[in-house]
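K.L.:
Chains A and B, in that order, are what the protein sequence lines are. If you're matching positions, the first sequence starts at 103 in my numbering and goes up one per residue. If you're matching positions, the second sequence starts at 103 in my numbering and goes up one per residue.
Some hints could be false.
As the list makes no split between identical chains, a pair holds if one copy fits it or if it spans any two.
To be verified - Calculated lysine-lysine pairs in the DSSO-like style (CA-CA distance at most 27 Å, straight line):
1) K395 - K193
2) K331 - K166
3) K393 - K331
4) K205 - K393
5) K331 - K193
6) K393 - K323
7) K193 - K393
8) K421 - K233
The hints are simulated quantities; they were obtained by calculation from the structure and are not laboratory data. On a predicted model such as this, the values are computed, not experimentally measured, just so you know.
Protein chains: 2
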Amino acid sequence: MDKPYVIGIDMGGTNTACGIVDARGEVLRRGAIQTQKYTEADQYINELHKALMPLIEEVGGIDKIKGIGMGAPNGNYYTGNVEFAPNLPWKGVIPFAGMLHAKFGVPAALTNDANAAAIGEMTYGAARGMKDFIMITLGTGVGSGIVVNGQLVYGHDGFAGELGHTTIVRNNGRQCGCGKTGCLETYTSATGVARTAREMLDIKKEDSLLRNIPVESITSKDVYEAAIKEDAIAKEIFEYTGRMLGEAFADFVAFSAPQAIVIFGGLSKAGDLIMNPIREHMEKNLLPIWKGKIQLLFSALNEADAAILGASALAWELKN
Amino acid sequence: MDKPYVIGIDMGGTNTACGIVDARGEVLRRGAIQTQKYTEADQYINELHKALMPLIEEVGGIDKIKGIGMGAPNGNYYTGNVEFAPNLPWKGVIPFAGMLHAKFGVPAALTNDANAAAIGEMTYGAARGMKDFIMITLGTGVGSGIVVNGQLVYGHDGFAGELGHTTIVRNNGRQCGCGKTGCLETYTSATGVARTAREMLDIKKEDSLLRNIPVESITSKDVYEAAIKEDAIAKEIFEYTGRMLGEAFADFVAFSAPQAIVIFGGLSKAGDLIMNPIREHMEKNLLPIWKGKIQLLFSALNEADAAILGASALAWELKN
Chain A
103 MDKPYVIGID
113 MGGTNTACGI
123 VDARGEVLRR
133 GAIQTQKYTE
143 ADQYINELHK
153 ALMPLIEEVG
163 GIDKIKGIGM
173 GAPNGNYYTG
183 NVEFAPNLPW
193 KGVIPFAGML
203 HAKFGVPAAL
213 TNDANAAAIG
223 EMTYGAARGM
233 KDFIMITLGT
243 GVGSGIVVNG
253 QLVYGHDGFA
263 GELGHTTIVR
273 NNGRQCGCGK
283 TGCLETYTSA
293 TGVARTAREM
303 LDIKKEDSLL
313 RNIPVESITS
323 KDVYEAAIKE
333 DAIAKEIFEY
343 TGRMLGEAFA
353 DFVAFSAPQA
363 IVIFGGLSKA
373 GDLIMNPIRE
383 HMEKNLLPIW
393 KGKIQLLFSA
403 LNEADAAILG
413 ASALAWELKN
Chain B
103 MDKPYVIGID
113 MGGTNTACGI
123 VDARGEVLRR
133 GAIQTQKYTE
143 ADQYINELHK
153 ALMPLIEEVG
163 GIDKIKGIGM
173 GAPNGNYYTG
183 NVEFAPNLPW
193 KGVIPFAGML
203 HAKFGVPAAL
213 TNDANAAAIG
223 EMTYGAARGM
233 KDFIMITLGT
243 GVGSGIVVNG
253 QLVYGHDGFA
263 GELGHTTIVR
273 NNGRQCGCGK
283 TGCLETYTSA
293 TGVARTAREM
303 LDIKKEDSLL
313 RNIPVESITS
323 KDVYEAAIKE
333 DAIAKEIFEY
343 TGRMLGEAFA
353 DFVAFSAPQA
363 IVIFGGLSKA
373 GDLIMNPIRE
383 HMEKNLLPIW
393 KGKIQLLFSA
403 LNEADAAILG
413 ASALAWELKN
């Protein structure tokens with residue numbers, strides 16, 4: 103291959119990880135810079151360039167690079183801009199794809215983190231060969247990337263796939279950061295699981311390992327650790343979380359009839375503890391034509407590399 | 103144009119309407135046969151052929167026909183089959199697209215009614231020029247056709263777009279014919295509106311024009327006629343129905359970020375009575391990025407021709 107490598111850049115609120123990736127999804131070189139440190143977007147791009155150029159030289163120079171893909175909060179694939187991202191140091195609309203192209207002299211594209219994860223999964227992971235699937239990322243928030251007919255669904259404005267903000271509890275639902283109530287994210291993100299824990303410990307009388315932890319500092323990891331020790335309340339928290347996800351997934355299936363739903367992120371480490379209730383409640387709520395037919399999968403990407411891989415996968419689709 | 107016309111066939115449970123359509127969406131010739139009359143699918147196709155051939159001759163013969171599109175209950179675009187349709191006289195899997203091709207000697211495709219409506223709207227109607235929109239058909243049931251990036255969403259199995267069977271009431275929802283409870287269809291189909299009327303008349307004390315009608319025979323048309331006479335309960339029924347639709351639409355927007363949602367079918371004749379509450383509750387439930395930005399439209403197709411036009415539009419996309 104003339105240009106055998108792509109660059110993936112995962113912009114997070116605190117750190118930015120980057121890497122050079124080959125066609126098989128191997129990360130050949132890795133780098134990182136601090137996102138927060140640069141008050142100007144230009145400085146940030148300069149610093150990225152400084153971090154990446156030595157790595158690029160090590161693999162044979164910029165001529166070996168097909169393109170750059172970036173996953174970024176509020177990244178819009180259509181415009182190549184990051185638009186009004188609340189957790190980044192730069193306000194307003196920043197044309198990062200154009201800035202990367204100008205700085206490195208190779209094509210660049212960006213999208214949001216969950217979309218990048220979906221493309222990564224399709225290119226290198228559990229969704230290889232699938233034309234229709236949905237990626238759900240369960241982290242601090244709940245993100246999603248939807249693939250229909252082999253293409254990512256961007257919608258008319260580039261913002262499609264906000265499944266974390268579909269309503270799972272219609273009345274008296276939890277307040278969401280987005281301003282709505284009852285969003286899936288408020289129940290099934292890591293934060294949502296911690297909220298459920300606090301609610302259950304308050305309502306229930308039973309003893310629980312979770313009662314040994316100050317209630318305001320309980321995390322989803324604490325719940326996991328208690329659940330694998332067979333703690334009844336902790337197991338019920340996963341059951342509750344999985345029910346919310348399963349019910350929501352059944353509606354997602356009615357929309358795009360995906361071959362699979364792939365879950366990714368911290369919560370997916372809970373394995374069967376979360377997957378069993380998801381499966382049970384999804385199946386219960388599916389139309390008969392889909393019962394037993396929709397695969398539920400965990401991401402097959404190594405978590406440390408997944409974000410870089412997802413971003414890098416965007417670059418394979420770029421035209422020169 | 104070498105082949106300036108297409109044939110559209112709308113297979114209903116009782117009747118089948120067909121027509122010859124030009125590129126501007128004008129129905130040049132019309133025909134109809136009774137669906138129920140033919141116990142064998144072969145007989146049905148023979149009869150369709152008999153009804154259509156004289157019309158085809160009138161427009162210049164079969165050489166002028168680019169292809170045939172059929173909208174049919176449980177029609178699967180991928181396979182060209184009608185699969186296990188409960189309201190048709192033929193059981194099991196019937197390969198209608200293949201049978202039409204063999205009988206007429208021109209390419210043929212089929213899909214379900216709501217998908218055909220969406221393609222019709224994109225080709226000739228309110229969604230012309232749109233690449234991302236959702237069609238919602240409000241009839242005896244609630245159907246949907248979803249267009250993403252200019253293409254109909256069929257899903258991995260051809261059955262995508264069952265938005266009438268997403269769950270709008272999660273607990274103690276109404277029983278749906280599909281076996282689930284709380285489906286959007288149970289509240290917002292014509293039958294759903296009649297169910298709401300019976301419930302409200304039962305719960306409420308106020309006088310209403312609807313009380314003059316035997317409660318079991320109230321239809322959505324009766325509710326409409328009472329509402330335009332300012333009947334308070336009838337207006338509340340539309341408000342309730344519109345709220346359900348508006349809340350559901352907000353979640354659909356989070357999925358595919360359509361430019362517009364187009365509504366079609368009997369209930370859409372209620373005009374502002376249904377559209378105003380839909381808009382109000384959709385807007386309330388949209389993420390801030392979409393507020394005020396998603397168009398709500400009525401179908402622009404003449405109702406009598408819409409089903410034929412939708413089916414015919416499929417045929418423009420056929421390859422010879």
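K.L.:
Indicate, hint by hint, whether the structure satisfies it.
P.N.:
Hints, verified against the model:
For a Cα distance limit of 27 Å, the shortest separation of K395 from K193 across copies, 22 Å, qualifies, whereas the shortest one inside one copy, 45 Å, does not. Proximity of K331 and K166 under a CA criterion of 27 Å is satisfied in neither setting, with 50 Å inside one chain copy and 73 Å between copies. In this assembly of identical chains, K393 and K331 lie within 27 Å of each other by CA distance neither inside one copy nor across copies; the values are 32 Å within and 46 Å between. For the homomeric pair K205 and K393, neither the shortest alpha-carbon distance inside one copy (51 Å) nor that between copies (36 Å) is at most 27 Å.
For the identical chains of this complex, K331 and K193 are neighbours neither inside a copy (45 Å) nor across copies (53 Å), given an alpha-carbon limit of 27 Å. For the identical chains of this complex, K393 and K323 are neighbours neither inside a copy (32 Å) nor across copies (36 Å), given an alpha-carbon limit of 27 Å. Taking identical chains as interchangeable, the C-alpha atoms of K193 and K393 lie at most 27 Å apart only when they sit on different chains, with a minimum of 21 Å there against 46 Å within one chain. Proximity of K421 and K233 under a CA criterion of 27 Å is satisfied in both settings, with 21 Å inside one chain copy and 22 Å between copies.
Checked against the numbered hints given earlier, this structure breaks hints 2, 3, 4, 5 and 6; the rest are met.
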